[in-house]
Amino acid sequence: MDVRFTQSGIYLPEIDLWLDNTEPCACTWISHGHSDHARGCHGQVITTPMTLRFYRMRLWMSETDIEPLQRPLAFGESMDWHSARLTAFPASHILGAAQLLIEYKNERVVYTGDIKLRQPLAGETTEPLQCDRLIIESTFGLPIYKLLDRETAMRAIVRFARECLADGLTPVFIGYALGRGQEIVHVLCEAGIPTAVHGAIARFIPVYEECGYRFAGWQPYEAKATKGKALVVVPSHGAALETSGKDIRVAYVSGWAALDNARTRSGAEELIPYSDHADFDELLSLVATSHAKHIDVVHGYTEPFAHILRTRGYTAAAPQRAGDRTSIEAEG
Amino acid sequence: MDALAAVCEDIQRHASRLKKVGILAEYFKTLSDEDLALAVQFLSAGPVARASANQTLFKIHEKAELKIGGSVLREALRAATGWDKETLSLCHAQVGDTGETISLLMRGLSTGGPMTLTEADRLYQTLFQASNTARRVALLAEIFHKYQPLTLKYFVKVITRGLRIGLMGRQVKEALALAGRHDRLSAMEAQLFEPTDFMLAKPLERVEDLDDPAAWCVEDKYDGIRAQVHFDQGTVRIFSRGLDEVTTAFPDIVAACAGLPGSGLIDGEILAWRDGRALNFNILQRRLAKKQVRATLIAEIPTLFMAYDLLLRNDELLLKEPFSTRRARLAELPLAISPQHSAQSHADIDRLFAEARARGNEGLLLKKPDGAYEPGKRTGAWLKLKRPYGTLDVVITAAEQGNGRRATVFSDYTFGVRSANGFVNVGKAYSGLTDAEIKDLTKQLRAASVEKFGRMMLVKPEIVLEVAFDGVQQSTRHKGGYALRFPRILRWRKDKRAEDCDSIEQVEALYRASIAVKP
Chain F
232 MDVRFTQSGI YLPEIDLWLD NTEPCACTWI SHGHSDHARG CHGQVITTPM
282 TLRFYRMRLW MSETDIEPLQ RPLAFGESMD WHSARLTAFP ASHILGAAQL
332 LIEYKNERVV YTGDIKLRQP LAGETTEPLQ CDRLIIESTF GLPIYKLLDR
382 ETAMRAIVRF ARECLADGLT PVFIGYALGR GQEIVHVLCE AGIPTAVHGA
432 IARFIPVYEE CGYRFAGWQP YEAKATKGKA LVVVPSHGAA LETSGKDIRV
482 AYVSGWAALD NARTRSGAEE LIPYSDHADF DELLSLVATS HAKHIDVVHG
532 YTEPFAHILR TRGYTAAAPQ RAGDRTSIEA EG
Chain E
774 MDALAAVCED IQRHASRLKK VGILAEYFKT LSDEDLALAV QFLSAGPVAR
824 ASANQTLFKI HEKAELKIGG SVLREALRAA TGWDKETLSL CHAQVGDTGE
874 TISLLMRGLS TGGPMTLTEA DRLYQTLFQA SNTARRVALL AEIFHKYQPL
924 TLKYFVKVIT RGLRIGLMGR QVKEALALAG RHDRLSAMEA QLFEPTDFML
974 AKPLERVEDL DDPAAWCVED KYDGIRAQVH FDQGTVRIFS RGLDEVTTAF
1024 PDIVAACAGL PGSGLIDGEI LAWRDGRALN FNILQRRLAK KQVRATLIAE
1074 IPTLFMAYDL LLRNDELLLK EPFSTRRARL AELPLAISPQ HSAQSHADID
1124 RLFAEARARG NEGLLLKKPD GAYEPGKRTG AWLKLKRPYG TLDVVITAAE
1174 QGNGRRATVF SDYTFGVRSA NGFVNVGKAY SGLTDAEIKD LTKQLRAASV
1224 EKFGRMMLVK PEIVLEVAFD GVQQSTRHKG GYALRFPRIL RWRKDKRAED
1274 CDSIEQVEAL YRASIAVKP
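Chains as they are written, first to last, in the numbering used here: chain F, 232 to 563; chain E, 774 to 1292.
Don't take every hint at face value.
[To be verified] Computed cross-link-like contacts, DSBU-like style, restricted to lysine-lysine with a CA-CA straight-line distance of at most 35 Å:
#1 K1157(E) - K1063(E)
#2 K1212(E) - K458(F)
#3 K458(F) - K1225(E)
#4 K1212(E) - K455(F)
#5 K1157(E) - K975(E)
#6 K1267(E) - K455(F)
#7 K1063(E) - K1201(E)
#8 K455(F) - K1216(E)
#9 K1216(E) - K975(E)
#10 K840(E) - K802(E)
#11 K1233(E) - K458(F)
#12 K919(E) - K377(F)
#13 K1267(E) - K458(F)
#14 K792(E) - K377(F)
Calculated directly from the structure, the hints in this document are not laboratory data. Quick caveat, the model's predicted, so the values are computed rather than measured.
Looking at chain F on its own, in the form it has when it is part of the complex (with noise of 0.2 Å):
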C-alpha cells in the first residue's frame, strides 16, 4: 500500500485516508486527544468516541466552517473505507488512544499512533496486532530510555508528597494537561493528600469521571492557598511556581525524567521517570510480536531507532518528514 509522509501527516492515496493530520484535509484519523493531533477542522473524523470528545473540546471553527463529520470508531469495531476496512484498537496512550488496522487488498498495515504496552490509568491495554507494515512512533526509542511501571511510578508520587508536607514545603507536580496530569492527581486524592489541581488539568477530570474514575476532594489551584497541598500544575505553571520564591519542591513526571539532566532543563528536585509513551523495551516488543515486514518509525528519535532496529535485522526506515520532534518540550 502506498504510504506518503508529509509535514503535516501521513497519506495514504489509495484510499484517500489521513492519518493524524495537523491541517485541515477531506479525512483524517485521529489517533488520540492531545492537541497536537486532536485539531483541525476537517471534512471527516474518524476517531474514538472518547477521542472525538476531546476533539470536540479542542474545536474551534470560524464563521465559514463547516462541522466536521465525526464517524465514531470503538475499540474492536470495523467500518469500510473506500475499498479498505479499518478497524481501532486499543493504545493507552491516554484515554480513548487508538491503533489503526488498515486491511487493504491482502496487506494488513497498523499505525500505533503514541502508544505504550504498559497498564494505564483509564483506558483500555494495549493489544500488540500482527501486520505487515508497522508506523510505529519513537518517543523513547534509545535504550537509555527505560520507564517505571505504573505502580512504582504512583508510589513515588505519594512518596515524595508526604516527604515534603512532614518537611513542612509543598509538593508540586509537574505533569501534561490531559493523561498525566489526572492521574497523578487520581493518585494523590486515592492516598488522601489534599490536592490543588491546575485549570488546564482540571478541565478533563469530569471525562475521566465519567469513566468511572474517582477523584475525590481535589480543589482548584488557588495561588494564596498552596499551604498543606500537593499541587498539580502543567509544565509552563511549574517554572512559574519555582521562580515565585515559595517553599516548594517540585517532582518532574515524564519520560524525559529518565536522565539526571532533567533536573537542570525542568528546575525540578525530583524525577519520576513515567511516560505515557512506550519506553525503548516496549517498542522493541511491539515491533517483534507485529511479525512486520517492513517497519516505518515516524516520530521521536526516528533514524536512531530505525538503525536499531536494522541491526537486528528488521526491514527499517525512519521517512524524512520536517517537524519531528525531539524536544523535552514534545512529549505527551
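Got chain F sorted already, so can you dock chain E onto it with the hints?
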C-alpha cells in the same frame, strides 16, 4: 559503594544544602574508620593509587594517573553491552554523563553483585596497575557486568572526577563535622598533588576599621593567578583557584621549582613579570589561554611564582602552625617570596597601599602573624584592602535563576552599558544584593521579560544597577569588546532610568587608562 551510590542519589534529590549535608552526615555515622576514609576520598579526591611494598612514594606520583578517559570507558561499555558506536555516542550525547550512561545501559545486563567500599578501592587499584589500554577495557567491561547499575554510575563518576550531584567539597567537610568525625577532617586538609582549597581574605572596607595596624604583617596584593605549587624531588604540579591543573601552561615556573629540595605545597600567585614588577593581568591572561605554550610566548611574557605561604613540607602538615612559622619555613626555600612590610599607624597602611598601587599591584593583604592556614575559609586572619578600580551605572539585559537557596529567584544578572547601537553587555554579577532585594528584583524582572530560555531570560533594559569592579579587560565574549573584572552590585538604582546609565566609551577610557604604564 552500593550504599554510597544510594546516598548520592538521595543527595541529588534535594536542592537544600542543609539537607544534603544532613543526609551525608547520617551516612558517615554508620561507617567504620577505614570505610569513612574511602568514602571521603571517593567523594572529594577520586581514586588514589596506593604504594605496594616495593614502590617508593616518588614512583607512585609518576604513575598516579588512572589513564581511563572517555574512549576507554566507551570501549568497555561497547564490549559489555554490544551496542554499536553510533547508538552509544547518541545515548551519551543525550545523557551528558559517562557514569550515568553506563548505569542506564547496563540495566538488565549486570548481575548486580554487592560492592563494598573496600571492594571498590581494590578494583581501582587493579585498574591503576593494569599495564595497557586493552587490559583496562577488559577489566572495566568485567566490572560493568558484575555490579549493580546504580553503583556503577558512581563507581565511574569517581573515575571521571565529577559526581554532578550538587555537592561541594566544603559540604563533605561540614558533614564530617556534623557526624562528629573530626579525625577525618584534618586528613582532608592538604595532600601532596591533590589541590586544596585556598585560604581567603576578608575585605577591609576602611583602613580606620583596623584596630591595631602594628599587629599585622603587610604584603602587596597581586593581580595575578592564585595558585598552588606542589613539588616532590623534581616533580612539579600547579593548580589554580578553580582547583584546575595549569601545570602545562607554565613550564617556566615548573623549571624554576624543579630544583626545590624535598617535597612541599606552596601557596602563591602566578604573575607576568618583567623588570622587577608584575605586568597587567590582561597580559598574563594570554599565557593562561594556552594549554601548551611556545618558547616565543614565554620569552614575550615571562612568568614568576610569587610564593607567600607553605602548607606542607616533607610530609609535615603546617596548616595549624602560626603564619610567622610557615613564612620562616618558606624563606628557607630558594624562591621569590612576597616582600613583607610592617606598619605602626593607619597612615603607614595608607602609604603602603599607595606604594603597592604604584608598583602596579591591586592593594594590600594583611595577615595575622599567629593565624593558622584555613583552607576555603574567610576568617578574618587575612584581610584585603583593594579599593575598587571604579564604579559604573549599568542596565540589566538578561537574568538567570541561581542555584541552591537562590534556585527559585533570578539572582544572576548580565548587564550592559549604552552604545551607539543600543545596549552592549560588559559583564555578569551575582553578589551584592540582599535576599529581599533579589526577591523584589525578580518580580520586576519577570515583568520586564522579553524571552525565556530555560532558566535564563532576556529582559527589557530598564533596571539600573550600580556596580563596582576591579578592572576592565578586553573580551571576545561580549559584543562591546570589554568586560568588567569582578563586578559586584553596590546598589539598585531605582532613581535612574536606562538612558541614564554609563556608556561603552567610558568603559573603553577606563581600559586605556589601565594598560598605560603606571608611574
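Tested hints:
Restraint check: the Cα-Cα separation between K1157(E) and K1063(E) comes to about 30 Å, which is no more than 35 Å; the hinted pair holds. Between K1212(E) and K458(F), the direct Cα distance comes to roughly 20 Å. Compliance with the 35 Å bound is thereby established for this hinted pair. Taken as a hint, the K458(F) and K1225(E) pair is honoured in the structure, with Cα atoms around 28 Å apart against an allowance of 35 Å. Under the criterion of a C-alpha separation no larger than 35 Å, the hint pairing K1212(E) with K455(F) is consistent with the structure, at around 18 Å.
For the hint linking K1157(E) to K975(E), the alpha-carbon distance of about 6 Å falls within 35 Å, and the restraint holds. Restraint check: the Cα-Cα separation between K1267(E) and K455(F) comes to about 29 Å, which is no more than 35 Å; the hinted pair holds. A C-alpha spacing of about 24 Å is found between K1063(E) and K1201(E), which places the hinted pair at or below 35 Å, so the restraint holds. A C-alpha spacing of about 17 Å is found between K455(F) and K1216(E), which places the hinted pair at or below 35 Å, so the restraint holds.
Using a Cα cut-off of 35 Å, the hinted pair K1216(E) and K975(E) holds, with the two alpha carbons roughly 32 Å apart. About 33 Å separates the Cα atoms of K840(E) and K802(E), which keeps this hinted pair within 35 Å; it holds. For a cut-off of 35 Å, the pair hint linking K1233(E) to K458(F) stands: about 34 Å separates their Cα positions. Simply put, K919(E) and K377(F) have alpha-carbon atoms about 20 Å apart, close enough for the 35 Å limit, and the pair holds.
For the hint linking K1267(E) to K458(F), the alpha-carbon distance of about 33 Å falls within 35 Å, and the restraint holds. Between K792(E) and K377(F), the direct Cα distance comes to roughly 29 Å. Compliance with the 35 Å bound is thereby established for this hinted pair.
In this structure, every one of the numbered hints holds.
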